[in-house]
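Number of protein chains: 2
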Amino acid sequence: MNRGLLIVLSGPSGVGKGTVCTALRGKLPELIYSVSATSRQPREGERDGVNYFFKTREQFQDMIARDALLEHAEYVGNYYGTPREFVEKTLAEGKDIILEIEVQGAIKVKEKFPEGVFVFLLPPSLNELRQRIVGRGTETQATIDHRLSVAIEEMNLLYHYDYAVVNDQIDSACSRISSIITAEHCKRERFLHELFQELKPITAGENAER
Amino acid sequence: MNRGLLIVLSGPSGVGKGTVCTALRGKLPELIYSVSATSRQPREGERDGVNYFFKTREQFQDMIARDALLEHAEYVGNYYGTPREFVEKTLAEGKDIILEIEVQGAIKVKEKFPEGVFVFLLPPSLNELRQRIVGRGTETQATIDHRLSVAIEEMNLLYHYDYAVVNDQIDSACSRISSIITAEHCKRERFLHELFQELKPITAGENAER
Numbered sequence: 001m002n003r004g005l006l007i008v009l010s011g012p013s014g015v016g017k018g019t020v021c022t023a024l025r026g027k028l029p030e031l032i033y034s035v036s037a038t039s040r041q042p043r044e045g046e047r048d049g050v051n052y053f054f055k056t057r058e059q060f061q062d063m064i065a066r067d068a069l070l071e072h073a074e075y076v077g078n079y080y081g082t083p084r085e086f087v088e089k090t091l092a093e094g095k096d097i098i099l100e101i102e103v104q105g106a107i108k109v110k111e112k113f114p115e116g117v118f119v120f121l122l123p124p125s126l127n128e129l130r131q132r133i134v135g136r137g138t139e140t141q142a143t144i145d146h147r148l149s150v151a152i153e154e155m156n157l158l159y160h161y162d163y164a165v166v167n168d169q170i171d172s173a174c175s176r177i178s179s180i181i182t183a184e185h186c187k188r189e190r191f192l193h194e195l196f197q198e199l200k201p202i203t204a205g206e207n208a209e210r
Numbered sequence: 211m212n213r214g215l216l217i218v219l220s221g222p223s224g225v226g227k228g229t230v231c232t233a234l235r236g237k238l239p240e241l242i243y244s245v246s247a248t249s250r251q252p253r254e255g256e257r258d259g260v261n262y263f264f265k266t267r268e269q270f271q272d273m274i275a276r277d278a279l280l281e282h283a284e285y286v287g288n289y290y291g292t293p294r295e296f297v298e299k300t301l302a303e304g305k306d307i308i309l310e311i312e313v314q315g316a317i318k319v320k321e322k323f324p325e326g327v328f329v330f331l332l333p334p335s336l337n338e339l340r341q342r343i344v345g346r347g348t349e350t351q352a353t354i355d356h357r358l359s360v361a362i363e364e365m366n367l368l369y370h371y372d373y374a375v376v377n378d379q380i381d382s383a384c385s386r387i388s389s390i391i392t393a394e395h396c397k398r399e400r401f402l403h404e405l406f407q408e409l410k411p412i413t414a415g416e417n418a419e420r
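Residue numbers (the numbering used here), protein chains in the order written: chain B, 1 to 210; chain A, 211 to 420.
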């Protein structure tokens, strides 16, 4: 059986990774979602193993020590990370798994999973990105300027990725990512093994007949 | 403007390249078809520049001498080949072009166009391929055996290609090739140029404001 594909969906802050990922999962129900681990408290309605794997700080630090995370980071005193075991298990079962993650995390995942399919979500234009950041309407100008400069820096990480998808419309971005997954399954490497498995018994049978 | 993509559709004899190519062109009307040149006589209903570019033997030999063909071969006393100029012009206009060709010809095209997207059409199984070859019902057993062994040899050329597409159903094979074309357009290289073009004026403008 072929291993599944690890699809890493990333892109600058504010580009709409979460929205696109949710829409894509609706379109491709067989695509498994990589659930993050966190040491923060569950919020109202959040379920363990669905929204996050909820861990204590000690449990999380133990996972770090055991190298049980593909990447992790700390924000505002809470840990967030990607459990390695769930990803490995899903791929070994021949299923595709999608990981939605910010750009720095994606780069760390690439070090451990260079065979992953790294998709960078782009805003239709930098002005559009600026408008999305400003459009939240809850931030000061300094915060907006800072976020925008972070977004531009993040954009420069594009060259680490395999594909770039413009998020002009959610449907069409999803459809392009879905095409990328299909195309990756068609990459010849994935067929060679199966084909040679099939050729062997047939050619052996033909020789036996002569 | 980005250059178009050269899509090379190939695969073993009898796999259904022509049928899939025709169906794909129906699905993607914007995809340009690379018309072959030939020195054979036009048949009833064939039009110059549509089915083939019809040439005299002398004209064809002149094209060979001028390196005006991406590949060529001679069958039963007639020349067949792929005119380079039409492919180059189409790509320069930013349009995608598809070339349907047997496997040896595709390998020659790859030497001149390594940046092409090489798609290998596979039968669902070797038995299926055998049935398609036998199914024509007009050949002797010796001819069938020969064709099958040629097909197996051709199949071994798979490793020169970028993608393998199983022709289990025409619609689904077309849909996978269409996904490959979309994915290839998303390959990051195609976006880097445009993105940096856009970044330049914006960052310059921001500096000017400060």
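Calculated directly from the structure, the hints in this document are not laboratory data.
For glycine and all other residues, C-beta sits at the position ideal for the given N, C-alpha and C.
Among these hints, one or two may not hold up.
Derived BS3-like pairs (lysine-lysine); straight-line CA-CA distance at most 27 Å [unchecked claim]:
| id | chain 1 | residue 1 | chain 2 | residue 2 |
| --- | --- | --- | --- | --- |
| 1 | B | LYS187 | B | LYS95 |
| 2 | A | LYS237 | A | LYS320 |
| 3 | B | LYS187 | B | LYS89 |
| 4 | A | LYS397 | A | LYS322 |
| 5 | B | LYS112 | B | LYS95 |
| 6 | B | LYS27 | A | LYS237 |
| 7 | B | LYS95 | B | LYS110 |
| 8 | A | LYS397 | B | LYS112 |
| 9 | A | LYS318 | B | LYS187 |
| 10 | B | LYS187 | A | LYS237 |
| 11 | A | LYS299 | A | LYS265 |
| 12 | B | LYS187 | B | LYS112 |
| 13 | A | LYS322 | A | LYS265 |
| 14 | A | LYS305 | B | LYS187 |
| 15 | B | LYS187 | B | LYS108 |
| 16 | A | LYS265 | B | LYS187 |
| 17 | A | LYS305 | A | LYS237 |
| 18 | B | LYS55 | B | LYS110 |
| 19 | B | LYS187 | B | LYS110 |
| 20 | A | LYS320 | A | LYS305 |
| 21 | A | LYS397 | A | LYS265 |
| 22 | B | LYS89 | B | LYS108 |
| 23 | B | LYS55 | B | LYS27 |
| 24 | A | LYS397 | B | LYS110 |
| 25 | A | LYS237 | A | LYS265 |
| 26 | B | LYS187 | B | LYS55 |
| 27 | B | LYS108 | A | LYS397 |
| 28 | A | LYS397 | B | LYS95 |
| 29 | A | LYS320 | B | LYS187 |
| 30 | A | LYS397 | B | LYS27 |
| 31 | B | LYS27 | B | LYS89 |
| 32 | A | LYS322 | B | LYS187 |
Chain B residues, not near chain A, derived (Cβ > 10 Å throughout) [as the list claims (entries may be wrong)]:
| id | residue |
| --- | --- |
| 33 | TYR33 |
| 34 | PHE86 |
| 35 | SER178 |
| 36 | GLU184 |
Cβ-Cβ distance ranges computed for the label pairs, FRET-style [claimed, not checked]:
| id | chain 1 | residue 1 | chain 2 | residue 2 | range |
| --- | --- | --- | --- | --- | --- |
| 37 | B | SER125 | A | LYS322 | 34 to 44 Å |
| 38 | B | SER172 | A | LYS305 | 16 to 26 Å |
| 39 | A | LEU238 | B | GLU111 | 35 to 45 Å |
| 40 | A | HIS370 | B | SER172 | 28 to 38 Å |
Consistency of the hints with the structure:
Distance hint between LYS187 of chain B and LYS95 of chain B is fulfilled; the C-alpha atoms sit about 16 Å from each other, no more than 27 Å. With a C-alpha separation of about 26 Å, the suggested pairing of LYS237 of chain A with LYS320 of chain A holds against the 27 Å cut-off. Under the criterion of a C-alpha separation no larger than 27 Å, the hint pairing LYS187 of chain B with LYS89 of chain B is consistent with the structure, at around 22 Å. Between LYS397 of chain A and LYS322 of chain A, the direct Cα distance comes to roughly 21 Å. Compliance with the 27 Å bound is thereby established for this hinted pair.
Using a Cα cut-off of 27 Å, the hinted pair LYS112 of chain B and LYS95 of chain B holds, with the two alpha carbons roughly 19 Å apart. Taking the CA atoms of LYS27 of chain B and LYS237 of chain A, the gap is near 21 Å; set against the 27 Å cutoff, the hint holds. Distance check on the hinted pair: LYS95 of chain B and LYS110 of chain B sit about 19 Å apart at the alpha-carbon level, within 27 Å; holds. In summary, the hint linking LYS397 of chain A to LYS112 of chain B is supported, as the alpha carbons are separated by about 22 Å, within the 27 Å threshold.
Taking the CA atoms of LYS318 of chain A and LYS187 of chain B, the gap is near 21 Å; set against the 27 Å cutoff, the hint holds. Taking the CA atoms of LYS187 of chain B and LYS237 of chain A, the gap is near 22 Å; set against the 27 Å cutoff, the hint holds. Note on LYS299 of chain A and LYS265 of chain A: the hinted pairing holds, with a Cα-Cα distance of about 20 Å set against a maximum of 27 Å. Only pairs whose Cα atoms come within 27 Å are accepted, and LYS187 of chain B paired with LYS112 of chain B is accepted, the gap being roughly 21 Å.
For the hint pairing LYS322 of chain A with LYS265 of chain A, the CA-to-CA distance comes to about 23 Å; that is within 27 Å, so the pair holds. As the CA atoms of LYS305 of chain A and LYS187 of chain B are separated by approximately 23 Å, the hinted pair is consistent with the 27 Å bound. For the given pair, LYS187 of chain B sits about 24 Å from LYS108 of chain B by alpha-carbon distance, which is consistent with the 27 Å threshold. Only pairs whose Cα atoms come within 27 Å are accepted, and LYS265 of chain A paired with LYS187 of chain B is rejected, the gap being roughly 38 Å.
Our distance criterion of 27 Å between C-alpha atoms is met by LYS305 of chain A and LYS237 of chain A, whose separation comes to about 16 Å. Between LYS55 of chain B and LYS110 of chain B, the direct Cα distance comes to roughly 24 Å. Compliance with the 27 Å bound is thereby established for this hinted pair. As the CA atoms of LYS187 of chain B and LYS110 of chain B are separated by approximately 19 Å, the hinted pair is consistent with the 27 Å bound. Taken as a hint, the LYS320 of chain A and LYS305 of chain A pair is honoured in the structure, with Cα atoms around 19 Å apart against an allowance of 27 Å.
A hinted pair counts as satisfied when its Cα atoms are at most 27 Å apart, and LYS397 of chain A with LYS265 of chain A does not qualify at roughly 38 Å. For the hint pairing LYS89 of chain B with LYS108 of chain B, the CA-to-CA distance comes to about 19 Å; that is within 27 Å, so the pair holds. Taking the CA atoms of LYS55 of chain B and LYS27 of chain B, the gap is about 30 Å. The hint is violated against a cut of 27 Å. Distance check on the hinted pair: LYS397 of chain A and LYS110 of chain B sit about 17 Å apart at the alpha-carbon level, within 27 Å; holds.
Taking the CA atoms of LYS237 of chain A and LYS265 of chain A, the gap is about 30 Å. The hint is violated against a cut of 27 Å. A distance of roughly 38 Å separates the Cα atoms of LYS187 of chain B and LYS55 of chain B; the hinted pair therefore is violated under the 27 Å criterion. For a cut-off of 27 Å, the pair hint linking LYS108 of chain B to LYS397 of chain A stands: about 21 Å separates their Cα positions. In summary, the hint linking LYS397 of chain A to LYS95 of chain B is supported, as the alpha carbons are separated by about 23 Å, within the 27 Å threshold.
Simply put, LYS320 of chain A and LYS187 of chain B have alpha-carbon atoms about 17 Å apart, close enough for the 27 Å limit, and the pair holds. For the proposed pair LYS397 of chain A and LYS27 of chain B, the alpha carbon gap of about 22 Å is at most 27 Å, so the pair holds. Between LYS27 of chain B and LYS89 of chain B, the direct Cα distance comes to roughly 23 Å. Compliance with the 27 Å bound is thereby established for this hinted pair. For the proposed pair LYS322 of chain A and LYS187 of chain B, the alpha carbon gap of about 22 Å is at most 27 Å, so the pair holds.
Even its closest Cβ contact with chain A, about 21 Å, leaves TYR33 of chain B beyond 10 Å, as expected for a residue assigned away from the interface. No Cβ of chain A comes within 10 Å of the Cβ of PHE86 of chain B; the nearest lies about 26 Å off, and the non-interface call holds. Listed as a non-interface residue, SER178 of chain B fails to keep its Cβ farther than 10 Å from every Cβ of chain A; the least gap is roughly 8 Å. Listed as a non-interface residue, GLU184 of chain B fails to keep its Cβ farther than 10 Å from every Cβ of chain A; the least gap is roughly 7 Å.
For SER125 of chain B and LYS322 of chain A, the hinted distance range of 34 to 44 Å is satisfied, since their beta carbons lie about 36 Å from each other. As the Cβ distance of SER172 of chain B to LYS305 of chain A is approximately 20 Å, the hint placing it in 16 to 26 Å holds. The beta-carbon spacing between LEU238 of chain A and GLU111 of chain B, approximately 38 Å, falls within the hinted interval of 35 to 45 Å. A C-beta distance of roughly 33 Å is found between HIS370 of chain A and SER172 of chain B, which places it inside the suggested range of 28 to 38 Å.
Checked against the numbered hints above, the structure breaks hints 16, 21, 23, 25, 26, 35, 36 and satisfies the rest.
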